[in-house]
Amino acid sequence: MGILEFLQQPWPWYVAGPLIGLTVPLLLLVGGKHFGVSANLRHACAIIPNRIDFFNYDWRKAGIWNLVFTAGILIGALVGGVLLANPEPLQVAAATQADLAEIGVATDGGFVPSEIYSWSNLLTLPGLLLMVGGGFLVGFGARYAGGCTSGHAIMGLAELQLPSLVAVIGFFVGGLVMTHSLLPLILGL
Amino acid sequence: MDATRTTPQPDISTGDHVRANLKYLPIGFYFGFILIKSEVVAWYRIQEMFRFQSFHMYGVIGAAVLVAALSVWLIKRFKLRALDGSDITFTPKAPTYPRYIIGGTFFGLGWAATGACPGPILALIGSGLSVFLVVLASAVLGTWTYGLLRHKLPH
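Protein sequence lines correspond, in order, to chains A and B.
So that you can map any letter, position 118 of the first sequence is 118 in this note's numbering, and since no number is skipped, the others follow by simple counting.
So that you can map any letter, position 16 of the second sequence is 16 in this note's numbering, and since no number is skipped, the others follow by simple counting.
Hints were generated in silico from the structure; no laboratory data involved.
Just so we're clear, the structure is a prediction, and the values are computed from it rather than from any experiment.
Treat the hints with care, as some may be off.
What the hints assert, rightly or not - To give an idea of the chain B side of the interface with chain A (calculated C-beta under 10 Å), a few residues:
no.	residue
1	ASN21
2	ALA69
3	TYR146
Unchecked claim - Here are the computed lysine-lysine pairs in the DSS-like style, where the Cα-Cα straight-line distance is at most 30 Å:
no.	chain 1	residue 1	chain 2	residue 2
4	B	LYS93	A	LYS61
5	A	LYS61	B	LYS79
6	B	LYS152	A	LYS61
7	B	LYS93	B	LYS152
8	B	LYS76	A	LYS61
9	A	LYS61	B	LYS23
10	B	LYS23	B	LYS93
11	B	LYS93	B	LYS79
12	B	LYS76	B	LYS23
13	B	LYS93	B	LYS76
14	B	LYS152	B	LYS79
Where a beta carbon is used, it is the ideal one built from N, C-alpha and C, also for glycine.
Same shape as in the complex, but just chain A:
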C-alpha cells in the first residue's frame, strides 16, 4: 500500500486513538498548554467588546495559542477531508443503518446525512432544532460544564479528574436522551 493510499483511507481506532491522545503531550511539551477546544468559543465572545465579566479577560494572552491551534484544525481537515479525501463512501454499522432507516434517515455515504444537515434544510423545524438548537446546547453546555470532549473526556480523564468523569457521564446521559427519545420526535416534525 502506497503512502497516498494510506493517507486517503480511514484509520482504525487503534491507529487514530493513540495519535489523538498524543495531542495532549504535544501541547504540554511545546508550551505547557492544556488540550481543550471549547475554550475558543469563550475567546470568540471575549473578542467582542462587552460588559459581561465572564468575557472580560486578556483573550490575546490566554487564548491566541488556542485560536491558532483551531486554525490548524481547519487546515488539517481541509487537507484530510478534501485534498486527501477517502474516495469510498462512509461505512456504517448495519444495525445503525437499520435503526436510522426506521426514523427516516438514509445512509448516504457522507459524514453527515445531507438531507438533514444542509443549507436547504436549515430553515425547517427539524433543521433549526438540530443545527441551531444543537449548536447552542454544545456551546452553552460545554462552558457550563467547563469543557467538552477534548477538555473533559480526553484531558480531564487523562489527569484522573473526578469532575471530568462526572461531566463525561453527563455527556452520555444527554447524548442517549437525544439519540433515543428526542431525535425520533424532532425528525417526525
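Start from chain A and add chain B according to the hints.
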C-alpha cells in the same frame, strides 16, 4: 480555565501574539487531520456510539485517554518542562458537581443533535460542510448566553 483577568497590554500587538504562537498551528493541523481520518467527525459514528452498535468511537476515545494519561503520568513523574521553558502545571478542577452534571447533560444533548462536538464542528467546516458554520455560530451564542446567566445558574 486559565484565562487571566489582566488588562490587555497595548505594547504587544495581536499579530505579535499570533507569531509567538504559530508553533501551535502544526499541532492543530495534526489533530484536525486525524479527526477526519478517524471519521470521528461523522454524524453516523456518533449515532453508532450512542446506540452501542460499533466499538469504533469507544476504541478511539479509550485509546486516546490511555495514551494521554500515560503521557501526563510520565511528565509528572519526570517533572518535565516545556520546550519553551515554561512550567507544566496541572490544576485540580473544582469539585462542585451540579455544573458537571447539568452542563454535561446539556452538552450531550447538543453533541447528539449536531453529531459533532467543538473539534469536529471545526473539522467539518474545514472539510467543506459549510452549513456547520451555523452550528459554530450557535455554539458561540450558547457560550455567550452562559456568560450572561452564569451567576444565576447552579454550579
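Of the numbered hints stated earlier in the document, which are not met by this structure? 14
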